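*Asks:* Okay, here's what each chain looks like letter by letter:
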Amino acid sequence: MASAGSHDTYYVPEQTKLPFFASIGLFLTVYGLGNVLNDIKSSESATFSTLVALVGFIILSFILFQWFSTVIRENHAGMNSDQLKRSYVWGMGWFIFSEVMFFAAFFGALFYVRTFAVSWLGGEGDKGVTGDILWPNFEAVWPVIENPNSELFANPHEAMDVKEWTPAFFAKYLPFWNTLILMTSSVTVHFAHTALKAENRKGLIQWLSVTVALGVIFLFLQVFEYYEAYAHYGLTLDSGIYGSTFFLLTGFHGFHVTLGTFMLAVMLARAIKGHFKPDDHFGFEAASWYWHFVDVVWVGLFIFVYLL
Amino acid sequence: MSAAHDDHHHGPAKGFTRWLYTTNHKDIGSMYLWFSFAMFLLGGTFAMVIRAELFQPGLQLVDPNFFNQMTTMHGLIMVFGAVMPAFVGLANWMIPMMIGAPDMALPRMNNWSFWILPFAFAMLSATLFMEAGAPNFGWTFYAPLSTTYAPETVTFFIFAVHIMGASSIMGSINIIATILNMRAPGMTLMKMPLFVWTWLITAYLLIAVMPVLAGVVTMMLFDIHFGTSFFNAAGGGDPVLFQHVFWFFGHPEVYIMILPAFGIVSAIIPTFARKRLFGYDSMVYATASIAFLSFIVWAHHMFTVGMPIAGELFFMYATMLIAVPTGVKVFNWVATMFRGSMTFETPMLFAIAFVVLFTMGGFTGLMLAITPADFQYHDTYFVVAHFHYVLVPGAVFSIMAATYYWLPKWTGHMYDETLGKLHFWLSFIGVNILFFPQHFLGLAGMPRRIPDYALQFADFNWISSIGGFLFGASQLILLVVVIKCVKGGKKATAQVWEGAQGLEWTVDSPAPYHTFATPPDPKLIHAQ
Amino acid sequence: MLPKAKLWLGLVVAALTLFSTNLQAAWELNMTQGVTQISRDTYDLHMQILWWCVAIGVVVFGVMLWSIINHRKSKGAVSATFHESTKVEIIWTVIPFVILILMAIPATRVLTEAYDSSESEIDIQVTGYQWRWEYKYLRQDANEEEVSFYSIMSTSREEISNDLPKQEHYLLDVDNPLVIPINKKVRFLVTANDVIHAWWVPAFAVKKDAIPGFINEAWTIVEEPGIYRGQCAELCGLDHGFMPIVVHAVEQEEYDAWYAEKQEQARVTREMANNVVTMSEALENGEQIYARNCVACHQAAGTGLPPAFPALAGSDVVNGDLRANIDLLINGVPGTAMAAYGRQLNPIELAAVITFIRNSFGNTTGDLVQPADVNTILQEAQ
Ligand code: HEA
Ligand code: HEA
Ligand code: CUA
Ligand SMILES: [Cu+2]
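Residue numbers (my numbering), protein chains in the order written: chain A, 27 to 334; chain B, 758 to 1285; chain C, 108 to 489.
Misleading hints may appear alongside valid ones.
Short, incomplete list of chain B residues facing chain C, as computed with Cβ under 8 Å [to be verified]:
# : residue
1 : 769
2 : 772
3 : 775
Calculated cross-link-like contacts (lysine-lysine; reagent style BS3-like; alpha-carbon spacing at most 30 Å) [claimed, not checked]:
#  : chain 1 : residue 1 : chain 2 : residue 2
4  : B       : 948       : B       : 1280
5  : C       : 273       : C       : 291
6  : B       : 771       : B       : 1244
7  : B       : 1247      : B       : 1178
8  : B       : 948       : C       : 292
9  : A       : 43        : B       : 1244
10 : B       : 1178      : B       : 1280
11 : B       : 1280      : C       : 180
12 : C       : 180       : C       : 291
13 : B       : 1178      : C       : 182
14 : C       : 243       : C       : 182
15 : B       : 948       : A       : 111
16 : B       : 1178      : A       : 111
17 : C       : 180       : B       : 1178
18 : A       : 43        : B       : 948
19 : A       : 223       : A       : 43
20 : B       : 948       : C       : 243
21 : B       : 1241      : B       : 1178
22 : B       : 1247      : C       : 194
23 : C       : 180       : B       : 1241
24 : C       : 292       : B       : 1247
25 : B       : 1248      : C       : 180
26 : A       : 223       : A       : 299
Hints were generated in silico from the structure; no laboratory data involved.
The structure presented is a predicted model; accordingly, all values stated were derived computationally and were not measured.
Beta carbons: idealized from backbone N, C-alpha and C, even for Gly.
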């Protein structure tokens, strides 16, 4: 792994102002956001807090933009050795692993609630006495449509699950189409990569554009699904545990799709500018890994949130 | 490329912006260490408030709500502010030097990992001055006390945890990339010093569990502000769900606070025993086993929540198993000392005390693992005694040992050995007076996290508090030693310690601002 | 190591003997053996593991100490060169493993036993509130009077603030202890109403978390009559330290008599809800109820602990519409520490405490609330 020769060229950057000011930006963002949330909760005006958060966010975004530009510039200037590039590879790999674990927490919560909490509340299993005494009217079914206490947590009218296993149903079933879209996009981004390696810039740009477009369509459909949920299904964040898990899992996934689409869009711009070489395009690769990761998470979601 | 930059690379920049903008692993390491020490004093001050209130029965100094804030902030600050950053600081300083690398793999991100921390802790500490008061629900912040019933400052607490998590994850990515990618030619994995190994595994643990912590506080945030019901039975959730997710993070977290300590002790004992570490390979495998097991034991913190019996048994057996690889480590240290040629400078004293007192903490850990017995121990001072034994004379002593051990390398001066020994002995005596009686308190039935107690607990609390003040005051000696040593003192040689092995001892003391810009001679790399 | 160990042990012992003159009772150093089979089994288990650890410690620290004494450079020791041995590594992996199995066997046995809550003779639902326990005896048939009551710490706030001398069972006394018969299998259905609490009586070796919305089962068969004390063992907020548990274990006849009397009391209270009370009765009664139930949060002088707990002195609710005030007491404020007292206090008590707060701390509404008024509202709510 550690091959001799590449060692005497490791690029250690000079001092940099970026991280310190990025820290300030990050701090203002979360501090402002915390105040916004607390203001809303105590029905106070959140204007100032919003401003703080916004300023922070602008600083943070601006600096991150600078940061990535710097890295790209350095690479173009030939300052990055193969070894340094390997550091980026490791970095991205482990970052994705941390994202996997973030989703693992939510999936874990979903499994726990489905197998344990809801059964017990419904009077089944080891702690079934819970349901018998405290929640005599609650029945353990998933998706939970009748909450244990539907005064505190209004019941949704309907869930997003599969109602019948017929082609006719799936033909109108948004999550099904969304699955197809994301799966396809994973393939198209791979085609883009192949084109890049074959020095086919036109192919790269075309396939990447298709991928970005698919990402946007996915997001559009998901927003539509959320709109349906809120407007017609009574399925909201505060409609009990089904809504909670549904929106947190799909919501954070959607957030990651947004990020991934943004990354791919940047890569598209860079591709148009001619940044990538067949043997030097880690930025593109990192974005595409991220995209595959987002895709895999969706498959998990589709199975455990929608199908089962 | 660094060759082209060499003309700028001689030394650090001037002025305080050196610290704000630095990308140098040694500068960043120093900042982590100073930050950690400041947090240790802050968290320690909170502990002194706790011990002062518990000095006598009755409420005398603080009201119960403030007491709960002190307990919570003490735990959080010590764990996330003192111990973890200290280890990261040591990693920054030592890992590149130990593996013959010019710096950390991602130097700019390294700076970012550090600088977001002071902001996170400033935000967390600021809650003490807010109207609603600081978090008061314990460092384990069980829902719904930390959600529905929490003071509104919990929002800042949540965001502070997010940032600390981001810092740890970035720091760990950096450490892993450094270790896997930056080793000098000839530095094979099985020749790496154990400190590097233990940190590699620790970093892996961190990346695996910090996101889970982020996940659980995110669920809290949604329960508090967006009406979800993850931890509320009325909506179909379960408060115990919180505990499962939290402890899935929390248990590996406690090993995150001890594995690097194992690495430090594994460096110090061979040095002062003038004998190679016994069983290097088995040390590596034991560390990996501990890390693996740490993922499947979390519910031993939850034996009383009413899990089905199969769960109770599984988590009991899995937890007990950890004694085996940990035992291997202890035995290997003893075997290293056996038939060595030992001297007892301050680092060695701390390391030996570590082995003994950590093992005692391990023994009580094993007792806690016995489920039916834990029904009696749980949430009493017996638990408090257990974890302070592994954390204070465990993790904290190892950090002190490391500080004394590498201080000459950092500053170029020998520290004051007399003061060092004084610091050790006062700490050693103090820590035992402080925490040993807490075993008795717990067994006799004193619950933890209470500001006032029944009369039969008065005497041991009194003794414990005295020990606490003694231990706390002794820590100021460390500050004096370090400042004196930074300012001057006997010049240290490159080797510093007669028996020391490893690349860090082949460079000058103080270590030049940039080390190993070109890789070291492979002949210098020995088996550990 | 031993010189050091001796040094600090010596110091501790010296400190102990010097200052132990004011000790009333012998120092408790160890886990209680308790008064149930399970508690004794637990104690034995505890001792067994402890001795294993001591034995291992003696061996490990013994070897270490011996090396420290004999293999020091100042004595001219020269270090050996050995640094590995697969054989000893295997030995010291296997031996601890075997010891662990020896520990796991009795542990599994005791746990299985402690988990078997079947075939109980009396079922009691134990509910944790901030900061009191409710005990409800589950009825065999629905026509019986239901016995249920709250159990609140009876140590006075003055003792806690050091204004009065502390009594013998400081912090460990309650107004209404739980009463159970000896030699009967009593099952506890433990739950909570707000945050997590934990019901712990060391002498029974029973500690179970009280999880809001869920029920955990625990059980005991007490073998000796006596008064057994415990405490809430899960951080539950402000007064977590002031949430004791007292259990009277009594002979069967005594229990039967007590139970019958409780049923009679319940009947009388139900009927008395129609009585008319006078202002002075209400104020007197209300003050006591306030002291027991409300001071923890709203404080003796009605000042509260803002912002967490609002002041009642000058409060808009307390000085405003009476009906709104009664509703608030009955239903509490969901999502805050202000509990629904409609479930915790009976109409007489509710009426009294409302009368009290509306005419104290400088509040001068002059309202006198009758139990019947509260009762009507309670009925409406159902
Ligand atoms: C550095 C931190 C650290 C470390 C290393 C450990 C190590 C261990 N801990 Fe501890 N623990 C904590 C920090 C730590 N713990 C904290 C902070 C809490 C409380 C959290 C809270 O609630 O706030 C806690 C709580 C805690 C509990 C929950 C108690 C309760 O709340 O009821 C349990 C239960 O099983 C436990 C067990 C163990 C075990 C089995 C080990 C083992 O790893 C120990 C292994 C070591 C040895 C056993 C000694 C050496 C071995 C030999 C010499 C070999 C031969 C020995 C035998 C065969 C016996 N710990
Ligand atoms: C690494 C972690 C760590 C460390 C180092 C410590 C160090 C100490 N801890 Fe802490 N502790 C925890 C982690 C740690 N603790 C955790 C996780 C909890 C659980 C929290 C919870 O329940 O949620 C806890 C809980 C806890 C409790 C139980 C509180 C309760 O249940 O209500 C107590 C009580 O004695 C205590 C005491 C101490 C003391 C006296 C020290 C001492 O070692 C501290 C010594 C240091 C100093 C004192 C600072 C340095 C000196 C000065 C600043 C000079 C001034 C000195 C004087 C005025 C004398 N700790
Ligand atoms: Cu109730 Cu602690
Ligand atoms: Cu643990």
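*Asks:* Now tell me, hint by hint, if it's right for this structure.
*Replies:* Hints, one by one, checked against the model:
1. 769: Violated: closest Cβ of chain C sits about 38 Å from residue 769 (chain B), beyond 8 Å.
2. 772: Violated: closest Cβ of chain C sits about 44 Å from residue 772 (chain B), beyond 8 Å.
3. 775: 41 Å, violated
4. B:948 - B:1280: 12 Å, holds
5. C:273 - C:291: 35 Å, violated
6. B:771 - B:1244: 18 Å, holds
7. B:1247 - B:1178: 17 Å, holds
8. B:948 - C:292: 62 Å, violated
9. A:43 - B:1244: The given pair, whose Cα atoms are some 29 Å apart, holds under the 30 Å limit.
10. B:1178 - B:1280: With Cα atoms ~36 Å apart, residue 1178 (chain B) and residue 1280 (chain B) exceed 30 Å; violated.
11. B:1280 - C:180: 29 Å, holds
12. C:180 - C:291: At roughly 67 Å apart (the allowed maximum being 30 Å), residue 291 (chain C) and residue 180 (chain C) break the hint.
13. B:1178 - C:182: Between residue 1178 (chain B) and residue 182 (chain C) the Cα gap is close to 20 Å, so the pair holds against 30 Å.
14. C:243 - C:182: Answer violated: residue 243 (chain C) to residue 182 (chain C) is near 72 Å, above 30 Å.
15. B:948 - A:111: Judged against 30 Å, a Cα distance of about 25 Å means the pair holds.
16. B:1178 - A:111: Not OK: residue 1178 (chain B) and residue 111 (chain A) at ~47 Å, beyond 30 Å, violated.
17. C:180 - B:1178: Answer holds: residue 180 (chain C) to residue 1178 (chain B) is near 18 Å, not above 30 Å.
18. A:43 - B:948: With a Cα-Cα distance of about 37 Å, the restraint between residue 43 (chain A) and residue 948 (chain B) is violated, given a limit of 30 Å.
19. A:223 - A:43: 35 Å, violated
20. B:948 - C:243: Cα-Cα ~66 Å, so violated.
21. B:1241 - B:1178: 15 Å, holds
22. B:1247 - C:194: 45 Å, violated
23. C:180 - B:1241: Distance of about 29 Å is within 30 Å: holds.
24. C:292 - B:1247: Roughly 74 Å separates the two Cα atoms, so the pair is violated.
25. B:1248 - C:180: 24 Å, holds
26. A:223 - A:299: 16 Å, holds
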